[in-house]
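With the hints as constraints, model all of the structure from the sequences given.
2 protein chains.
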Amino acid sequence: MYRTHTCGELRAANAGQVVTLAGWVQKTRDKGFMVWVDLRDRYGITQLIFDEQRSSQAVFSQAKDLGREYVVQVIGTVIERESKNNNIATGDIEILVSELTVLNTSMVPPFTIEDDTDGGEDIRMKYRYLDIRRNPVRNSLMFRHQVGMEVRNYLSRDGFIEVETPYLIKSTPEGARDFVVPSRMNEGQFYALPQSPQTFKQLLMVGGMDKYFQIVKCFRDEDLRADRQPEFTQIDCEMAFVEQEDILNTFEGLTRHLLKTLKGVEVAEFPRMTYEDAMRRYGNDKPDIRFGMEFGELNEVSQHKDFPVFNSAELVVGIAVPGAAEYTRKEIDALIDWVKRPQIGALGMVYVKYNSDGTLKSSVDKFYDQEDLAKWATATGAKPGDLICVLSGTKNKVRNQLSALRMEMAERLGLRKPDEFAPLWVVDFPLLEWDEENARYHAMHHPFTSPKPEDIELLKTDPGAVRANAYDMVLNGNEIGGGSIRIHDKELQSNMFSLLGFTEEQAEAQFGFLMNAFQYGAPPHGGLAFGFDRLVAILGGQETIRDFIAFPKNNSGRDVMIDAPAAIDKEQLEELHIQLNMKA
Amino acid sequence: MYRTHTCGELRAANAGQVVTLAGWVQKTRDKGFMVWVDLRDRYGITQLIFDEQRSSQAVFSQAKDLGREYVVQVIGTVIERESKNNNIATGDIEILVSELTVLNTSMVPPFTIEDDTDGGEDIRMKYRYLDIRRNPVRNSLMFRHQVGMEVRNYLSRDGFIEVETPYLIKSTPEGARDFVVPSRMNEGQFYALPQSPQTFKQLLMVGGMDKYFQIVKCFRDEDLRADRQPEFTQIDCEMAFVEQEDILNTFEGLTRHLLKTLKGVEVAEFPRMTYEDAMRRYGNDKPDIRFGMEFGELNEVSQHKDFPVFNSAELVVGIAVPGAAEYTRKEIDALIDWVKRPQIGALGMVYVKYNSDGTLKSSVDKFYDQEDLAKWATATGAKPGDLICVLSGTKNKVRNQLSALRMEMAERLGLRKPDEFAPLWVVDFPLLEWDEENARYHAMHHPFTSPKPEDIELLKTDPGAVRANAYDMVLNGNEIGGGSIRIHDKELQSNMFSLLGFTEEQAEAQFGFLMNAFQYGAPPHGGLAFGFDRLVAILGGQETIRDFIAFPKNNSGRDVMIDAPAAIDKEQLEELHIQLNMKA
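The listed protein sequences correspond, in order, to chains A and B.
For the numbering used here, count along the first sequence from 1 and bump the result up by 162.
For the numbering used here, count along the second sequence from 1 and bump the result up by 162.
Treat the hints as calculated values from the structure; they're not laboratory data.
Wrong hints could be hidden among the right ones.
Same chains, same label: a pair holds when it works inside one copy or across any pair of copies.
[Stated by the list, open to error] Straight-line C-alpha distance at most 20 Å; calculated DMTMM-like pairs for lysine to aspartate or glutamate: (1) K579 to D254; (2) K492 to E533; (3) K467 to E533; (4) K745 to E349; (5) K246 to E736; (6) K732 to E349; (7) K288 to E670; (8) K189 to D254; (9) K732 to E667; (10) K732 to E384; (11) K189 to E459; (12) K652 to E276; (13) K379 to E393; (14) K579 to E428; (15) K425 to E214; (16) K579 to E736; (17) K557 to D439; (18) K745 to D439; (19) K559 to D499; (20) K523 to E705; (21) K422 to E737; (22) K652 to E405.
Spelled out as structure tokens, the structure:
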């Protein structure tokens with residue numbers, strides 16, 4: 163046995179016991195006649211003491227040679243400390259060491275193994291195994307485990323069965339780009355890695371599994387933006403004999419359970435908002451409702467004067483930023499520059515200072531009088547002391563821009579509190595979205611999503627107006643889950659494919675197995691998938707997922723620690739019936 | 163709401179209630195004036211009754227049109243049955259239906275959805291979603307879920323953290339063939355799918371995670387034998403600061419827990435057997451010890467006479483088959499033919515009938531007298547009534563052959579009872595095995611396995627004799643788990659690679675990241691991986707894994723349901739910087 167106790171468990175009550183500990187040298191303090199060592203493992207830190215008088219000469223001089231991150235085993239006696247350390251759980255005791263074995267030495271680590279490391283992102287990724295020794299990273303990974311266990315136990319208690327679906331499946335042209343795997347045994351053919359187990363979970367419903375879930379890796383070969391990974395994890399769920407209401411209730415229950423058990427937060431019934439409303443009120447289908455600053459549409463109260471910018475706009479819309487009336491001219495100019503950055507793309511910004519004396523001072527006083535501006539204040543819910551920021555343009559663009567500004571201002575004002583949780587359902591998504599470039603419809607969710615029964619007639623006359631039985635769960639401005647009631651009728655599914663531009667042959671080749679399955683008694687069904695990485699990060703109070711993934715890839719899809727991907731042997735390529743086709 | 167109750171929950175106490183059920187039509191019985199329907203869902207079967215007198219005309223005639231596997235929703239009143247059915251949990255009641263909605267029709271299924279189906283393997287795989295509706299398959303999948311939950315909860319309670327390791331990693335020439343994934347963003351480079359998370363779990367130990375586990379898919383592109391899948395699931399575990407003893411105790415505890423909670427079976431402490439002993443006593447490193455028939459080595463008592471076959475053999479070895487002395491000449495000849503089949507490969511078999519009167523009658527009476535044969539009986543533990551079967555040849559071959567015969571006889575005698583569980587640790591595996599063909603050593607477990615400290619000196623002089631700190635858990639003649647204490651020293655790991663024929667450059671290119679990690683304070687560590695598919699199958703009392711996998715692939719690695727793998731678009735290939743390289 164390498165140890166009798168961990169480095170996190172000894173207390174004053176253990177005083178007098180002879181114990182064996184093992185762990186890493188966090189740091190040593192050498193006072194000449196005495197050496198203290200902080201010994202660290204996953205469970206905590208225990209102070210070791212080596213004493214010129216009480217320790218043997220051999221052990222004492224060994225202790226003086228210990229370096230950071232050496233792996234040691236010690237035998238010693240637990241003694242109560244004279245000066246206790248209340249910052250750590252073992253702070254009441256220390257170990258007077260009688261035997262010391264160096265199990266492994268360590269070179270000096272390329273960055274400090276401390277909560278606030280001096281290591282940059284790149285070096286931390288290359289030495290991820292050292293990064294994981296740091297509390298924030300290790301705690302994030304342990305928290306992820308805890309969330310996973312809670313999810314599994316909750317769903318299992320509720321009758322859900324975790325079923326593993328295959329990873330080597332078939333490539334489909336719909337959706338994102340697939341990662342593919344050449345088949346050695348089936349010459350010229352390829353598997354694809356799943357973007358999600360969508361069709362398999364639907365087949366499990368056809369198969370009568372009734373309630374399915376899986377915490378599962380999914381893969382998308384897309385250009386990586388910050389905080390996107392080529393492989394990511396989903397909590398994938400599906401239920402049979404359900405309507406949208408059943409699904410919302412089930413997964414609201416799960417999320418409420420997670421918030422309560424993991425964060426000690428009780429949340430009320432989740433508000434529900436239509437996609438339409440979310441776009442109108444927040445310019446965003448995943449609004450952060452931890453704070454206000456709702457949009458006020460100003461067309462009616464701004465297009466009656468001679469201000470051509472507004473008069474020619476499809477939408478004039480503003481928000482009241484609390485307390486920002488005190489912004490200086492310089493600060494406001496900086497804000498205007500901010501909305502004009504290419505990432506935001508506004509052409510300018512009109513502002514109104516609602517002074518604390520009740521007067522209104524705007525950048526468009528030439529066009530609008532106090533009465534006009536008072537109406538803007540009413541529409542945006544502004545109070546004295548607020549700064550009203552107004553953007554204008556085409557509806558979709560201006561909503562995006564103002565939403566970005568709203569989030570930025572909330573960030574600056576400290577309104578996006580990581581320990582506050584404001585979940586929300588966004589419902590009634592459009593079934594289709596028009597793709598200008600390719601002059602065709604795309605499925606907004608995916609091609610298996612059911613239109614609302616009352617909108618089915620519109621499929622023939624105005625497909626763009628058809629609403630879907632689709633829903634997103636939003637938490638603190640992030641979409642953490644999304645799903646839909648599925649089509650379970652062959653005819654409707656086939657119509658859907660043709661609306662999406664599939665020929666009958668293409669639909670048959672890609673999804674024939676699913677449509678075939680629908681002919682053998684497919685039950686009504688629907689489901690939802692949570693983005694597990696993001697869910698864990700948000701519950702952990704952070705917005706970036708990287709520290710919640712043990713071995714993440716960088717923005718070029720590389721694992722810099724193991725240096726993958728890499729070239730493979732010619733023989734390997736030959737066996738797989740492929741060869742390289744490199745650009746000159 | 164589609165239903166108020168499932169088809170498995172109504173009892174006599176519910177009589178009088180109006181309920182809504184939904185499910186599949188298992189079968190209908192039409193007696194003219196009355197129609198009974200068995201309505202099925204995951205939870206059970208409930209009998210519906212439609213009655214010319216008590217049902218409306220419309221509902222009654224609808225009922226007459228129902229076909230097998232139609233999906234229906236019914237509203238009706240629970241009534242107590244006159245003739246109760248004790249075979250099903252809901253057998254005390256039936257539902258007098260007042261409203262019937264057909265949610266979906268069904269074509270006639272290609273095989274019967276019953277416990278004993280008339281469908282062959284191929285058709286069941288093609289329509290796997292229908293196969294899953296059958297109790298045996300669905301129950302197997304639900305059992306798998308249950309095993310997974312027990313494993314996770316047990317390990318989690320014991321302080322193990324489930325950490326997800328990446329699926330897109332790097333190809334390594336050691337071990338089985340990798341599945342690879344061409345990278346679009348890294349021209350000419352490939353990811354590999356993991357054959358196991360071996361190096362990552364070791365890095366997690368270097369990273370201080372202390373106790374790791376993961377239930378995880380692994381991939382091997384090998385030619386498929388019956389009951390092998392290209393993608394399979396492991397319970398992968400690793401611990402730091404442990405010796406072999408700690409690991410054996412931990413996972414013996416887990417397995418005992420599974421047997422107790424899932425099967426109600428209490429097993430004693432697992433016996434331990436060295437690899438050497440297992441080979442000598444059972445001719446097999448995964449012996450089934452539910453029954454005896456241990457090997458008796460007969461060299462000493464058979465090589466003193468003039469029987470050249472035995473005298474020239476490296477090993478003469480036999481087993482006593484209980485009660486088989488009564489085999490007829492014809493039956494014995496058939497047995498001899500059986501061992502001479504190419505799959506077994508014996509050149510012949512000597513037998514001794516130990517008659518119930520105590521006399522011994524052998525096929526080699528010409529060479530051996532009663533006294534000789536009595537010694538054979540003693541060596542094989544034969545009792546009157548047994549048949550002693552003796553094979554001879556080179557040690558490894560003959561052990562294999564006799565092991566196969568032992569298993570065959572146990573099968574015939576019904577000694578391999580699926581509800582009996584005999585676990586066992588096999589320990590002290592050799593570190594290396596000699597590969598005749600390539601004239602080099604292979605790692606018997608893998609290149610990260612630690613030699614026994616006391617054998618390390620032998621590495622230089624007689625590598626083949628070095629024993630490893632490696633162990634297998636064997637259950638009922640199947641290896642269900644295996645692992646080892648790992649090397650955690652850079653020097654030793656580097657020596658190991660060179661013993662295995664790696665040049666320094668190759669070792670560095672493939673595993674440099676691991677050896678580098680060992681320089682930063684790697685703790686002693688070791689672990690184990692269970693084959694989850696097999697474990698579940700054996701706990702489920704079966705030897706084939708296929709029904710415990712929702713969507714298995716066939717022996718050509720194809721998913722015949724979705725028809726994968728398949729050709730992909732030229733554009734897709736181009737994006738991935740590869741092209742096909744087909745044989746003419």
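Structure-inconsistent hints, enumerated in ascending order: Hints 1, 2, 5, 11, 12, 15, 16, 18, 20, 21 not satisfied by this model.
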